[in-house]
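**Q** Protein chains in written order, with this note's numbering: chain Y, 1 to 75; chain V, 1001 to 1388.
If you are wondering where the hints come from, they were derived from the structure by calculation, not from laboratory data. A virtual CB, placed ideally from N, CA and C, is assigned to each residue, including glycine. Heads up, a few of these hints could be off.
[What the hints assert, rightly or not] Dumping the calculated DSS-like pairs for lysine-lysine here, alpha-carbon to alpha-carbon at most 27 Å: (1) V/Lys-1127 - Y/Lys-73; (2) V/Lys-1287 - Y/Lys-36; (3) V/Lys-1361 - Y/Lys-75; (4) V/Lys-1345 - Y/Lys-29; (5) Y/Lys-36 - V/Lys-1285; (6) Y/Lys-29 - V/Lys-1162; (7) Y/Lys-36 - V/Lys-1240; (8) V/Lys-1127 - Y/Lys-62; (9) V/Lys-1186 - V/Lys-1198; (10) V/Lys-1127 - V/Lys-1361; (11) Y/Lys-63 - Y/Lys-75; (12) Y/Lys-39 - V/Lys-1186; (13) Y/Lys-63 - V/Lys-1127; (14) Y/Lys-13 - Y/Lys-36; (15) Y/Lys-33 - V/Lys-1341; (16) Y/Lys-75 - V/Lys-1127; (17) V/Lys-1198 - V/Lys-1287; (18) Y/Lys-29 - V/Lys-1341; (19) Y/Lys-39 - V/Lys-1345; (20) Y/Lys-36 - V/Lys-1198; (21) V/Lys-1126 - V/Lys-1285; (22) V/Lys-1126 - Y/Lys-62; (23) Y/Lys-62 - Y/Lys-73; (24) Y/Lys-62 - V/Lys-1240; (25) Y/Lys-33 - V/Lys-1186.
[Claimed, not checked] Which residues of chain Y face chain V? A few of them, derived with a C-beta cut under 8 Å, are: (26) Ser-19; (27) Glu-20; (28) Lys-39; (29) Gln-40; (30) Glu-43; (31) Leu-47; (32) Asp-53; (33) Val-68; (34) Val-72; (35) Ser-74.
[Unchecked claim] Covered stretches of chain V (chain Y as the covering partner; in silico rule of three or more C-beta atoms under 8 Å from a C-beta of chain Y): (36) 1110 to 1118; (37) 1242 to 1249; (38) 1360 to 1367.
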Amino acid sequence: MEPEDFSSLPKKKLKKLISETQDVLDQLKRELKLRKENKQHDEIDHLEEHFEDASHNLSNLKKFIQNVISEVKSK
Amino acid sequence: MTDMTNSGGNSASADNFAYRIFQWLFVFFLIYLLITAVGMIGSGFKGATKGHAAELFSFATNPFMGLIVGVMATAMIQSSSTVTSIIVGMVAGGLPVEMAVPMIMGANIGTTITNTIVSLGHVRHKKEFRRAFAAATVHDFFNLMAVAIFLPIEILFHPLQKLATYLSQHLVGGENLSVKGLNFIKPITKPVIAEFQKFAEMISVQNSHILLVFFGIAIIFLSIVFIGKLLKKLMVGRAKKIMHASIGRGPISGITSGAIVTILVQSSSTTTSLMVPLAGTGVFKLKQIYPFTLGANIGTTITALLAATAISGPTAILALQIALVHMIYNTSAVAFIYGIKTLRKMPIRGALWLARLAAEKKLYALFYLLGIFFVIPGILIFLHELFA
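Use the sequences and the hints to build the structure in full.
**A** Below, the structure is given as structure tokens:
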């Protein structure tokens, strides 16, 4: 993206442009934050599944050891 | 037709309600069993050591040995609540509080193994594994740092024990009373303890006290496992509400919600393990997971306090002291380490560094897991026994 030349703009117009850009930037940041938070809310809605996932210690360990063995063998 | 559907729905909801009531009653029964079992350990330990508990645990006069015992015991049974409840019972049975303090600190480290194992389940996807492993080990780094800071201070000046002594004197009424306002505990637990004592004598008169301790340990373990399973089902809705409310509200809210969810499910391992898949997906950042994990450290201290209500008589104050040490230690560690910016960042940096290494070579993760929780503590015990 080519940088625009603002040298001809009057100071008042420049200030207005900054203020408008700042507003848009704030809105975009808010939107991004909202989307992130909505995703987090969605994950929390599946808390039962996460509880379930977190209770398979032995199978997790087995899966991991199999992965380590295959990693070691491949090298 | 509509009426029939409604009546069917009403009957299902009535059944559901009755089932929930039954589950809650079972939770209360299990809490009663837990308290009774702590009393059993206290009584059995007192009888088995005949007032010489300190001599039996002479190897733990070295606080680092006490710490290692706490780490290994908790890592093996994967429940800090069980270990701290057992320690409360043993303190009531004559184990000196100063010997029990490092064990309690060790239990904090040992309990972090559970969420680390949970993170290993994400091994098939490199990025996911890196995030999950970092979310799990941030707890390890924090707890290791807390011990590195607080244990030497405690050995030198005993601030935790002194503060706990001061508070427990205000909470316990007198020599023959249990925790103030909870003096009804002894009459309801004593008959069951007496029955188990008789049963232990039937098996072996000579070893009846030791058997009573083992019965106590088994009952504590089982009741905590089942309380955890039931509360997970019963409290999932409330836990969701608390977690939803804490989103976007900063670290203090994260710590508070972590503590409340842990109190609701009565297990710090459950809370910290729950954070692992949430971090693994990338939806929650390590910075957000971290305070919630610290809250779990605070919330879990309720179990030892609950266990301390089981003890009455002259040792009630000691049982309460060790339970309060646990609470003061975990709260101060969070306030101190999280309160100072430089210290706060260290567990995050450590966890990210280790997670990057582990994601590149999974063998490092295995070395870490075995090393921290079993091999290093085992070698230290061996060396201590060799040179002591």
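**Q** Look at each hint and say if it fits the structure.
**A** Quick rundown of the hints versus the structure:
1. Restraint check for V/Lys-1127 and Y/Lys-73: the C-alpha separation of about 22 Å stays at or below 27 Å, so the hint holds.
2. Between V/Lys-1287 and Y/Lys-36 the alpha-carbon distance is near 14 Å, which keeps this suggested pair within the 27 Å criterion.
3. Distance check on the hinted pair: V/Lys-1361 and Y/Lys-75 sit about 11 Å apart at the alpha-carbon level, within 27 Å; holds.
4. Taking the CA atoms of V/Lys-1345 and Y/Lys-29, the gap is near 25 Å; set against the 27 Å cutoff, the hint holds.
5. A hinted pair counts as satisfied when its Cα atoms are at most 27 Å apart, and Y/Lys-36 with V/Lys-1285 qualifies at roughly 10 Å.
6. Taking the CA atoms of Y/Lys-29 and V/Lys-1162, the gap is about 50 Å. The hint is violated against a cut of 27 Å.
7. A threshold of 27 Å between alpha carbons decides the hint, and for Y/Lys-36 with V/Lys-1240 the separation of about 17 Å falls inside it, so the pair holds.
8. Of the pairs offered as hints, the one joining V/Lys-1127 and Y/Lys-62 holds, with about 20 Å between alpha carbons and a cut-off of 27 Å not exceeded.
9. Proximity of V/Lys-1186 to V/Lys-1198 is assessed by CA-CA distance (about 18 Å); at most 27 Å being required, the pair is judged to hold.
10. The straight-line distance between the Cα atoms of V/Lys-1127 and V/Lys-1361 is roughly 13 Å, inside the 27 Å bound, and the hint therefore holds.
11. For the suggested pair Y/Lys-63 and Y/Lys-75, the alpha carbons sit about 19 Å apart, so the restraint of at most 27 Å is met.
12. Between Y/Lys-39 and V/Lys-1186 the CA atoms are separated by roughly 50 Å; this puts the pair beyond 27 Å, and the hint is violated.
13. Restraint check: the Cα-Cα separation between Y/Lys-63 and V/Lys-1127 comes to about 17 Å, which is no more than 27 Å; the hinted pair holds.
14. Only pairs whose Cα atoms come within 27 Å are accepted, and Y/Lys-13 paired with Y/Lys-36 is rejected, the gap being roughly 34 Å.
15. The hinted pair formed by Y/Lys-33 and V/Lys-1341 meets the criterion: a straight-line CA distance of about 24 Å does not exceed 27 Å.
16. At most 27 Å may separate the alpha-carbon atoms for a hinted pair to count; Y/Lys-75 and V/Lys-1127 meet this at roughly 21 Å.
17. A C-alpha spacing of about 54 Å is found between V/Lys-1198 and V/Lys-1287, which places the hinted pair above 27 Å, so the restraint is violated.
18. For the hint linking Y/Lys-29 to V/Lys-1341, the alpha-carbon distance of about 26 Å falls within 27 Å, and the restraint holds.
19. Taking the CA atoms of Y/Lys-39 and V/Lys-1345, the gap is about 26 Å. The hint holds against a cut of 27 Å.
20. Note on Y/Lys-36 and V/Lys-1198: the hinted pairing is violated, with a Cα-Cα distance of about 60 Å set against a maximum of 27 Å.
21. Pair hint V/Lys-1126 plus V/Lys-1285 holds up; C-alpha atoms about 16 Å apart against a cutoff of 27 Å.
22. Proposed proximity of V/Lys-1126 and Y/Lys-62 is supported: the alpha carbons are some 17 Å apart, at most 27 Å.
23. Taken as a hint, the Y/Lys-62 and Y/Lys-73 pair is honoured in the structure, with Cα atoms around 17 Å apart against an allowance of 27 Å.
24. This hinted pair does not check out: Y/Lys-62 and V/Lys-1240 have alpha carbons roughly 30 Å apart, beyond 27 Å.
25. Taking the CA atoms of Y/Lys-33 and V/Lys-1186, the gap is near 54 Å; set against the 27 Å cutoff, the hint is violated.
26. Given the 8 Å rule on beta carbons, the hint for Y/Ser-19 is violated: about 26 Å separates it from the nearest Cβ of chain V.
27. Taking 8 Å as the C-beta cut-off, the interface hint given for Y/Glu-20 is violated, the closest approach to chain V being about 26 Å.
28. Restraint check, Y/Lys-39 versus chain V: the minimum CB separation of about 5 Å is within 8 Å; hint holds.
29. The interface hint given for Y/Gln-40 holds, since its Cβ lies 5 Å from the closest Cβ of chain V, which is under the 8 Å cut-off.
30. For the restraint placing Y/Glu-43 at the interface with chain V, the shortest Cβ-Cβ distance is roughly 5 Å, inside the 8 Å limit, so the hint holds.
31. Evaluation of the Y/Leu-47 hint against chain V yields a held restraint, the C-beta minimum of about 5 Å falling below 8 Å.
32. At a threshold of 8 Å, the smallest CB-CB gap from Y/Asp-53 to chain V is about 5 Å, leaving the interface hint in force.
33. Contact between Y/Val-68 and chain V, as hinted, is supported at the beta carbon level, the nearest pair being about 5 Å apart and thus within 8 Å.
34. Of the supplied interface hints, the one on Y/Val-72 holds, with its beta-carbon coming within about 7 Å of a beta-carbon of chain V, less than 8 Å.
35. Taking 8 Å as the C-beta cut-off, the interface hint given for Y/Ser-74 is violated, the closest approach to chain V being about 11 Å.
36. Residues of the segment 1110 to 1118 of chain V with a Cβ under 8 Å from some Cβ of chain Y number 4, which satisfies the need for three, so the listed coverage holds.
37. Interface restraint, the segment 1242 to 1249 of chain V with chain Y: holds (4 residues with C-beta to C-beta distance below 8 Å; minimum three).
38. Note: the segment 1360 to 1367 of chain V has 5 residues with beta-carbon separation from chain Y under 8 Å; the three-residue rule is met and the coverage holds.
Violation of the numbered hints given earlier is confined to hints 6, 12, 14, 17, 20, 24, 25, 26, 27 and 35; the remaining hints are satisfied by the structure.
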